[in-house]
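Visitor: If you want the building blocks of each chain, they are given just below.
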Amino acid sequence: AQSVSQHNHHVILSEAASLELGCNYSYGGTVNLFWYVQYPGQHLQLLLKYFSGDPLVKGIKGFEAEFIKSKFSFNLRKPSVQWSDTAEYFCAVGAAGNKLTFGGGTRVLVKP
Amino acid sequence: DTEVTQTPKHLVMGMTNKKSLKCEQHMGHRAMYWYKQKAKKPPELMFVYSYEKLSINESVPSRFSPECPNSSLLNLHLHALQPEDSALYLCASSRGQGSSGELFFGEGSRLTVL
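Protein chains in written order, with the working numbering: chain W, 92 to 203; chain Z, 5 to 118.
Each hint should be verified, as a subset may be incorrect.
Using 25 Å as the maximum straight-line C-alpha spacing, the simulated SDA-like pairs for lysine to any residue come out as follows [stated by the list, open to error]:
1. K45/Z x D176/W
2. K13/Z x T177/W
3. K44/Z x L110/W
Covered stretches of chain Z (chain W as the covering partner; in silico rule of three or more C-beta atoms under 8 Å from a C-beta of chain W) [what the hints assert, rightly or not]:
4. 79-88
5. 109-115
Residues of chain Z clear of chain W, computed beta-carbon distances all greater than 10 Å [said to hold, decoys possible]:
6. T6
7. K57
8. S66
I should point out that these hints are in silico values taken from the structure, not numbers from a laboratory.
Virtual Cβ for every residue (Gly too), placed ideally from N, Cα, C.
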């Protein structure tokens, strides 16, 4: 079975700062990788996903993530955050045909 | 706005009550899911329906009873719940079962058991 680890539980930063959230997974086979975001009071929504191909994936709202197979990592980045990026971010991993497994989540607070 | 609609948004019930949570999607998705999310925790999978048949039950207590009347609807029947069952219950759907596609989540039903 797969497992997912997100390194930071809480991140606080100022507007215009750069953001990087770490995600590592454990699974021996091929995986699909996702980042979901949950804005305050809103539903979970997909930020970006990786299935195959270019390991640098671009998503919505200026986010990107890089899949590094050798490190079993799928870190999320944004060069310059805005106050509206305040949210909880979940990394999720799934093996083909299997359920998604979510990481513990990282709460990001962007100070204006 | 999400294309997965959940009702009610909030529910308060006693331990002897019987209630139901409802979920609806009209995206033609053939897999539907129930997740439970406690405060400051990630969503935990409870049930998966694929083509209207229960395909995954994550060892959920029988006081939670899922039902999929048709491909667009998913219910979660609640009976004799415990206070520790208080949580946000999320419904999701996807084109097919498994991790190869995006899950679309509803806004959730926040349940409080007294």
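Visitor: For every hint, state whether the structure bears it out.
Guide: Now the hints, each set against the structure:
1. With a CA separation close to 19 Å, the supplied pair K45/Z and D176/W stays within the 25 Å bound.
2. A hinted pair counts as satisfied when its Cα atoms are at most 25 Å apart, and K13/Z with T177/W qualifies at roughly 23 Å.
3. Between K44/Z and L110/W the CA atoms are separated by roughly 20 Å; this keeps the pair inside 25 Å, and the hint holds.
4. With 0 residues having a Cβ less than 8 Å from any Cβ of chain W, the stretch 79-88 of chain Z misses the three-residue criterion, and the hint is violated.
5. Requiring three or more residues with a Cβ within less than 8 Å of a Cβ of chain W, the coverage given for the stretch 109-115 of chain Z holds, as 4 such residues are present.
6. Under the 10 Å C-beta cut-off, the non-interface status given to T6/Z relative to chain W is violated; the minimum distance is some 5 Å.
7. Chain W leaves K57/Z outside its interface by the beta-carbon criterion, the shortest separation being 16 Å against a cut-off of 10 Å.
8. The Cβ of S66/Z lies farther than 10 Å from every Cβ of chain W, with a closest approach of about 21 Å, so its non-interface assignment holds.
Checked against the numbered hints given earlier, the structure breaks hints 4 and 6 and satisfies all the rest.
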